[in-house]
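These protein sequence lines map, in sequence, to chains Y and D. Every number in the working numbering is 670 more than the matching position in the first sequence, counting from 1. Every number in the working numbering is 64 more than the matching position in the second sequence, counting from 1.
Bear in mind the hints are in silico, worked out from the structure with no lab data behind them. Keep in mind that a hint or two might mislead.
Unchecked claim - DSS-like mimics (lysine-lysine), calculated; alpha carbons at most 30 Å apart, straight line: (1) Lys112/D x Lys903/Y; (2) Lys112/D x Lys905/Y; (3) Lys806/Y x Lys89/D; (4) Lys766/Y x Lys67/D.
Unchecked claim - Computed footprint of chain Y on chain D, listed as stretches where at least three residues anywhere in the stretch have a Cβ under 8 Å from a Cβ of chain Y: (5) 111–123; (6) 132–141.
All figures in this text were calculated on a predicted structure; none of them were measured in a lab. The beta-carbon is built from N, C-alpha and C at its ideal position, and this holds for glycine as well.
Residue strings, one per chain:
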Amino acid sequence: MASIAELEKIVPQVRRDIVRMIHAVNSGHPGASLGCTEYFVSLYFEVLKHNAAKFSMNGNGEDLFFLSNGHLSSVFYSVLARSGYFPIKEITTFRKLNSRLQGHPTTHEGLPGVRIASGSLGQGLSVGIGAALAKKLNNDNQLVYTLHGDGELQEGQVWEAAMYASAKKVDNLIATVDMNGQQIDGSTDQVLPMGSLKAKFEAFGWDVLDLEKGNDITSVLSVLKTAKEHTGKGKPVMILMKTEMGHGVDFMMGSHKWHGVSPNDEQLAQALKQNVETLGDY
Amino acid sequence: MKKYTYTEKKDTRSGFGAGLSELGKSNPNVVALCADLTGSLKMDAFAKDHPERFFQVGIAEANMIGIAAGLTIGGKIPFTGTFANFSTGRVYDQIRQSVAYSGKNVKICASHAGLTLGEDGATHQILEDLGLMKMLPGMVVINPCDYNQTKAATIAIANYEGPVYLRFGRPSVPNFTPADQKFEIGKAVILNEGVDVSIFATGHLVWKAIEAGEQLAAMGINAEIINIHTIKPLDNSAVITSAKKTRCVVTAEEHQMNGGLGDSIAQLLARELPTPIEMVAVHDSFGESGTPDQLMVKYGLDAVNIVEAVKKVITRKG
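So here's chain D without its partners, still in its complex pose (with noise of 0.2 Å):
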């Protein structure tokens, strides 16, 4: 198992912070809008630096995903900045509608997705976001796994022309890609090369993956661990190569199961390749308050669980 190591925690959030600086200094089309959360969506430099260019909406996110789809049509490259839960189900119309068929250059940033928003409970932790957007003809995708690859996303979605919905979070977790690792859309990064299961994470679950593949190690099980960073379009051959390789596969995601990464991931095995899959993911269920980590071991998003699920599919190959 290869080793990775970090020197500190960071929040994915500052990491879209940080990218969306960056933007704002690079790149004069590119505006941002937030719906009264620039503190916890980290787009105060921004906001100071290019006071011109940030609209604050208030607390009216279906006026802002209009808004932010108007601006395309005068060459903008819109940025829109609220929690996930009301970057997606509060608004899925408007961006159906005005961005997804209008076909708009619009950057839907959304953070606090997941359980890991923590204690202020289910009512805020929205575990179908990926589903919903995923769903929308068009739309892409992304769901990055520490700081330092959410700031290369951030950076990255500018060059795509096309509605984009990149996903982060709120708690600070292992920063470990490295700085300069290039960001690529739909490309899967294989984090360690195994030959006795395929381990498919995104988001917070990556960290979760790999200390899971620390453990299978000891075991003697040697996992492939990929980090599949772009939900839509999947890295289908990234996908069918390592399942080809390894005949059995597990998915991990903060996520429904319905409508996640292993739905994906398993629609296309079903249809190309069919391999036994266990999926670590939310099982039709709410969130509820609690800290972060005491939410990822009740709802069995922890690496143990990722590890019973490689024990289990393992048992299941042909």
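Okay, chain Y solo, but in the shape it has when bound (with noise of 0.2 Å):
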């Protein structure tokens, strides 16, 4: 059991991680990456029963993650690697040329703790249902974890299976749902805005959990053991999670403008002045 301290410890260095390893190539996703940063700390190095010193794909007995929104490379790149699935060293290929780290997650290079390429939105809820219903048939009570960003919400595919999951009682799936407001062309009230998704997925059938912080550490823990509580009783569980896009770097703070755009040499040191070293740079 990582204390809330250690797991703190652990966020400015996986922030770090992810505005050095986008802008040694000039290109990546920091924003959502950045906002995400305290879920994926927490979801690694606390809630996830794996075992990253020996990946296996098929993953019996233990919790297994799907990346929806596989944009968010970078920090899913950061605590596999920190959380012992392949060397830090190898952060340094991030979507260089013959990398296992591409642009997007992808099993097609076979980097370990990575189970279905994603990308192209709205596809990792309906694996993630796959997999749990695998986990049935084999008798497995390890449990199945989605993130998902909220303008993925759009992609048809996701009410698809947001609809088969409660029809059909997935109830050892914990599906997040990253609330960060933004998306490519703007804020998604902007763009297309989804009125309460709340109420949506309440309606077709999930048991719906809120999360106000999702950039404070012992928040998330506490959401992601009351969702894993909800498990086993016939419903898939929803955590409806507000983050704020480019959390940690004030200069991203808020904006969709950092979607999808490397900070340049200076942003860079400023960023890095806002995330302390805790536990060495890669």
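Since each chain comes alone in its own frame, lean on the hints to assemble the complex.
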């Protein structure tokens, strides 16, 4: 069991990894990755039962995580490496030729910790459901976690999957939506207002939990614990997690403009100043 | 010309249903998913015998492909079932990312392919599916010719690790493949050895090729007839060996000329052994309503069209 203090120590280091890896290749998606750092750190260093040293694709007897909004690859790679799936040094290959760390995560190059390719949006909930159904067939009591963007919910497949999961009582599944309210062309309200996602998912038959402070480790851990207690009761569980895009780097915070833009040298220096090196840079 | 006979006509989709039913009994990892077409796909027996391994997903094909990809992660071998149109074009990106690029062991099983779906018309008659699927890296593409071969192919693909597209159809067609013939992925079946022309046919056009072969024999033309049940990987050596012998080629398929079997064979021969070739296929056109037989005649996919193509290609021999 990691203490809150220990987890909070990992967070700024992961944020450093994110901005450094994106800056190194002048490409990537810092905004939502920074916003979901607390979620990833909580999941990989506390919540998931997983075997990083001995990765198996089937993940039998382990909790599984699927990243549906694959552009959050930088934060995903950082926590995978720092929890032991592959050497931290390999992060230097991010988005470069012949790398296992592709721009969007994939199984194609055999990177341990990744079980599905994602990037084209809207597909991860279906995949998570399939993995959860396989766990039920295998009498495997561990859980399946998925992460989605709020803008991603504009993809119709998500709602096909949402309808299926409740109708067929896929109750070993905890989906989380990153409610940062931003997408490429502007705020979600400007681009395509989605109304109440809570009302929508409840109408679709999900057990919906609100997380107001998605950038606070204690709150994230608490809702993930509650979510786990809500599994096995006939309904899939949804966490609507409010985060701030670009959290932890003041000039990136709260704006869609940092969805897919790399910081320049000066901005990198500023970002690193705001996130202290706690575990050693890669 | 070797004589081929059949005792009954049967639909290839029933061959799939029978194969799936057998797999249900023999392989506990086989699971099946269907998007509200259980009866049409002949998946009822599997659904009834193995309700815990059958997933009715409703009219939501994208979700079905994603769930199938996820099921493989727990070691399952999912067979998805819907019409060919909804199995491919409708869910191309889901197949591309979650199945093909992710390297998942999903078997995409597609019925009602091509014109022989009949009266429902062009919205349902996909003639582009082979091309769509063969373009995907690593995807195996199979189009068996009759009931027995479809059944054998269904059973065979469960033992192959990787994504497969299995295409079959709705109408009853002559069932002439021996019930005990082993199905080997990527291995062409030589139906008649001949010296004057090579006819490479797939799916429902294989029987048409046999009929054409009989008509050609009556005219003194000795055709080599080869059943290419696996479009990808193509049996290159079977194609080249035959083309070397006969020095002219006709291809026949219930599919667009662009992207189909003829296209694959032409590409191979252009690289390895340039040979005159004629293609019996649909020429950049959608289908329409009608009976299967009427449509095959109107769109030029009948035995007579193969005969005409043979006569033409023989005149082009160097």
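Structure-based check of all given hints:
At roughly 27 Å between alpha-carbon atoms, Lys112/D and Lys903/Y fall within 30 Å of each other, so this suggested pair holds. The hinted pair formed by Lys112/D and Lys905/Y meets the criterion: a straight-line CA distance of about 25 Å does not exceed 30 Å. About 20 Å separates the Cα atoms of Lys806/Y and Lys89/D, which keeps this hinted pair within 30 Å; it holds. Restraint check for Lys766/Y and Lys67/D: the C-alpha separation of about 60 Å exceeds 30 Å, so the hint is violated.
Remark: the segment 111–123 of chain D is confirmed as covered by chain Y, as 5 of its residues place a Cβ nearer than 8 Å to a Cβ of that chain, reaching the required three. For the segment 132–141 of chain D, the stated coverage by chain Y holds: 9 residues have a C-beta nearer than 8 Å to a C-beta of that chain, and at least 3 were required.
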